[in-house]
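Here the protein sequences come in this chain order: A and B. This note's numbering puts the first residue of the first sequence at 1, with every later residue one more than the last. This note's numbering puts the first residue of the second sequence at 1, with every later residue one more than the last.
Among the hints, a few may not be true.
No more than 30 Å apart at the CA atoms, straight line, and that leaves these computed lysine-lysine pairs for BS3-like [claimed, not checked]:
(1) Lys229/A x Lys120/B
(2) Lys344/B x Lys322/B
(3) Lys225/A x Lys120/B
Hints were generated in silico from the structure; no laboratory data involved.
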Amino acid sequence: MFFLVIKRILLGLITLFIVSLITFVGVEVLPGDACTTYLERQAFGAALEACYERLGLNLPAYERYISWAIGVLQGDFGYSLSGEMKINDVLGPKVKNSMVLASASILIGIPVALLLGIITALWRDKLPDIIISTVTIFSMTIPEFISATLLILIVAIWLEWLPGIVIVPSEASISELLPNIILPVIAISMIMTAHMARMVRSSVIQVMASDYVQMAILKGVPYWKMVFKHVLPNALLPAINVVALTIAWLLGGVVVTEVVFNYPGLGRLVIESISNRDLPVVQALAIILASIYVSINLIADLMTLMLNPRLKSLQIKK
Amino acid sequence: MKTSVQQINNLTIGFQSQKGQQISILKNINTTINKGETVGIVGESGSGKSTLALAMMGYVKHGLFTISGECMFHSNNLLEMNNKELENIRGRKIAMIPQNAGQSLTPNLKIGYQIDEALKLHTDLKKTDRDNKISELLNKVRLPSPETMAQRYPHELSGGQQQRVAVAMALAGSPELLLLDEPTTGLDVTTQAHVLELLNLIAKDTGTSMVYVSHDLGAIAQVSDRVIVMYSGEIVLDGPVRSILKNPIHPYTFGLLKSIPKLTLPGLPNSMSGSQPQPGSIKEGCSFYDRCEFADKNCKINSPELEYINDLNTHVRCFRHKELINQNELNSQTVKSIENKILKNEILDLSNVSISYAKQKFIEQLINKIEDKNPTVKDIDININKGETLALVGESGSGKSTILKSIAGLLKTKDGIIKFEKDKELSSDLRKRDPKFLRAIQLIFQNPDESLNPNHTVEEIVAQPLKLYFGLKGHELKEKIINVLDKVRLGKFYLTRYPRQLSGGEKQRVAVARAFAAKPDIILCDEVTSALDVSVQAAVLNLLQELKEDFGTTYIFVSHDLAVVRAISDRVAVLYQGRLCEIGPSKNVYKFPSHPYTEVLLGAVLEPDPDIKPKLVAEDIVEEKPPENGCSFQGRCPRILGDICKNEVPPWQSTENGNSIRCHIKIDDLKNQQTLN
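Just chain B, with the same shape it has in the complex:
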């Protein structure tokens, strides 16, 4: 018999609506966390997963309250404890690792103090012992030079380092249960893989139970023993990780897994229609009814209960789960492989482009030049053909968004020329650009919450480019707006809505509609899906692809997500520290031989499959500035040759696959080394 650490019984948490109704955002949760077990809680935004994790610490956010149920830690109900009792448990028995470590460390206190605070509260150690313990903890989370690290303020650390500090802080009280709320969201892929590895090590070392909350099935697959899938405040599936991810018997999990783009299965994933219902909007029936492919009449009227399936050791909330058992459709997953008509004529040509963020000194402003020997982005040579989708890939700081901004004219280039349709040079100064080029190049931003004016209706937002570039008015304008919205599958009734009345996916559709209203030749997509849930991401990717097929638009697609890039792009350019590492057809970039950096990135990709482990080839050090001489990747390269990499800029080499790699190592050597692993 396993000993349980925490037991949640019939937990319902909700809020009081303005009309005085009780609306629950967690409904009747029952589950047990066992000793030494790592449980992944997965769900899209709004599924209640974070609320559940916080309730496990006896914490309910301002405005919410417990309607019924209990969170039993050993034999005490956390939700009925007073502050004094909770202070004794929090940090000592149950510790939390927050989503955004950068915002969760108090800005005015040094790292050392914040860890010391936890030690003082939860251990009886003396000052000198505590200092040693701080170093030990910082060492345990593999932070370099712990003594100096303890003297730093949170903002002086990188994102990955901040996350490690949060882990060290959580471990200070040697807790029995560790709650992790999206601990790797927002980190770079390689950093994420390293943090997950660290967490796995800690779980093994200390035997701590962990609850890992995430929307990312890839991360969940790497750390969890058991997975709980949440939808609309309910547990819909609860069972061992392999059975959940390989043979999901709930239609939601089934759809979710299908909508994730995978490296092993190139092509656009299937999207799930619709979005999660608003809390309180479901009066009867199954909450997944609207989006379910398998639903029947019974599902509309009756709500299913959580049912235990003995064979699979799994709880499921679905009337029709039997039909899903052993349905091997997931393995023969159908994806739409893309086929773009790429014309031979060049539409955009970047030659020798460098961009610097250095502030111009007074004299430099006068002669309109920037003296910067080591600019943020350097020597970018890319040409893009009409109808092509080119992806720029790299971690944060790789200069991918910077390049997009320069193409759009938002950022001046230091050197180099950007040409449109072969012979028309684009001025790097937006004010000097011909309006017809401004129309030809449109930008879609990462976060639709920030890129749509909250005081404009959808109609006004989409009308802007139409008025500006085509001078449309009155009836004609209205017709055109409806037409454009129809293209992104938004009906007429959206015209009068404000952005806040739309879901994340709908907002991004409006942003896409605004870009397409200008009838552009090129659309620059800056991480357009990274703020979206996976099921919505798949829908937006599919929409972009359909629009492209209709209009023959060229895309330049920036993303950090290699699987998304694999799904949508024809050609990929890999960037590190503002320098090109590798460029070529996407089907070949993902094959060996590749640039050592591409190899590192590919190794760190997390597939939603517990049997495919990431390969960590390089350290996740953060470099603040690109090196002045030699190869941009020298600082982290696992295959570094020696002085040649430090002193000479590597040459371009072409492989038989047709992609180009910028590396000192001979192509054949790279191929041999990489296929050995």
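Next comes chain A alone, as it looks inside the complex:
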């Protein structure tokens, strides 16, 4: 078990290393570099030399990679171009804001998804299932930039209940942010919840049809006890990995939604820094997003290992 955890963590680190290499190389082979982009028409002569000197771009690529990588390992992503600010200072508040948005969506989305999934499975082909399933399939198929725009139109413009776009600075405190994130959270969690609910539904249905559930019924186990003891632990196990994938996918959804709502988070930063060709920031963002992706999947794998007696004892035996 212990070795397996170590092995998984090592594999995750290797993945991150490869991601960092690819983004670094990708940035390298793009025509132009940070200095030519930044200086634009003045990119020649002394100004260019000075810029190279300042950013250390006159060193060979592998040396720059190594020093950049060492910096990243120490939590220092270097300087951004446009603001000439430390990337850490730029990223800090945005990461926090996106985390608030993402965790609010997850905290609301997962319980709702589980509940809907279980309800639709237990009342399979009955009225609750038909209604909920129709709604989930509907909300799954609408892309978030459309649902977000519709939400703004209906809730913010027609009904005037909530602000349509977020106009707070990046450094705003969480309590200032909260009223602003209601609409973005709804937009993000709609697709995610629908996806997870469908997944949970089919998993529960599969377990309900299994021989051991039939056996539990025939043993005289009361219905809800059977659901909680015999069905759910076995049905939710395969769902863990899907939930992890959905959360990882949510990162992409956050990007789009943040732009629609003008929300000061990572997503907007990604779009901005790409259009400004602020390559050091793009690099930093790629690494951050990749590490979130890798760690979520790692956690899901470990949870499955811990919760599945079959895998657990397999590891002990070896």
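Keeping the supplied structure of chain A fixed, place chain B upon it in accordance with the hints.
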């Protein structure tokens, strides 16, 4: 007057077809289960026997519903009860032992918890009393060290142990009625015999009524007092076990009994033509009309009612049962004894073959060798002559399928050489094998559902080997396909069918056709009949034998069923834990003296005759790995000599019958000991 435990009146259960018709899969069932009685319900797949057993617990599967009738438990109709009332009866008054215990135990809960759950629900015992009761129950079903057993998860037990846990769980509520749905199907022969013995003991001890559902007449014969035979959702015969099995007065039971291969009567059994009709396809007349040898015009138009025959205390659904009474044909059963032309030249020679499932370590991969002192299969020396049928017999884990896979090239051997036609060595790596050897050796798998691609038509399936090995195209290809299908008795109209549109027997015929299309010299048959119903099994065995006579193909036939092996093979090799125990002409292997393991296997065979009881010689312990030193069978051998068996690999000894036995006990001693029993 006997007191009845359950009474089933006019029960009809069915489903709504897509066209909105009601289609019944149980038709008008009437029967009574008496106190202390064990009733066997027998029928082939699709006969409705499991649906009937579940209805006896007031359980109807998703999609099915009760059309009419009632299941009276004492004086309450189970089918009209609500969940609350049913929970009080299920497990407490009526308990179920499921078909596949492995899948019927919840995987995330410990054995102890699952039994405790039943105790908590159905008794008023306190925690400590319940713990004692769990140990007591596990002891009762003869599971070793009950305290540690209770702490295990279902997947940590063997199949036989899981089945015992299911029995313990069912007994937790001391039920009045115990329903058993194919409880021994899928278990090894020796384990099956032990579980049946346990059930008999429990029935005697507790006086519980039992309903035993099975397709296996052998198992039914061992446990039942009364037998109900079902066909196409109807009871066709219902009476005392001896009268049903020894003097069946319904043509279906008659045919069924004739199609079972028996140890006492070697040779290929007669097959019954056709298959059970689809639910809803019979509009008028007797449902067995199409397959019946005795049917006349009346049977086609009118459906017979269940009639009571006083002399035999039997209910029968047949117009012509009188003609079957006292027809002693069953006793003078005709079987086709096989006679193969075996040529002297060797076609396949396995010398010193060992196979290991150990994962190669990195360095071993580099030098392409496996270091495994105790491989799964070891020291296999067999040579097979052209035209012969060699059977490999053993329980699960005996390595019989592993050896087949290696011959086919699907699994690399660790050591040893496999030679084809004396001088051509077969590479153990499939990719390095000459295509002409690939063609020469074909494999037929156990389960045709999984071995036929569900997205290919029969035509495409059979065309593959023809295109691959002979490069046939167009008109020529089509003609050849039709020709091959004709050989396995499938008409032209099967060409466009998909596997899902075929019955189990038809699917296996397609698999046989695919193997024969390659014009192979050797066909490897891996448990080809064990997924089939007995009447279909007989047909497939007969087909294989006819094809062999036509083409002179050599068969290597793997099976766990000793009676099937006896019927079809010329020579038998008995394996235990991947080591050969005994090899010789099949007519002699089944005679004493034999290897102690063969003796154990033969003792556990269940004949469809209540008067022939199995002899349980050895415990049914499961060994995970073969022992490192000495004889492979030392752990379970009833005739173990002592240290010599543990330390030295036994020598081969030949008997006067011409078979070879690998045992430390002298042949004459074996003979004396075995004939004494």
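Those earlier numbered hints the structure runs against, lowest number first: Structure breaks hint 2 only.
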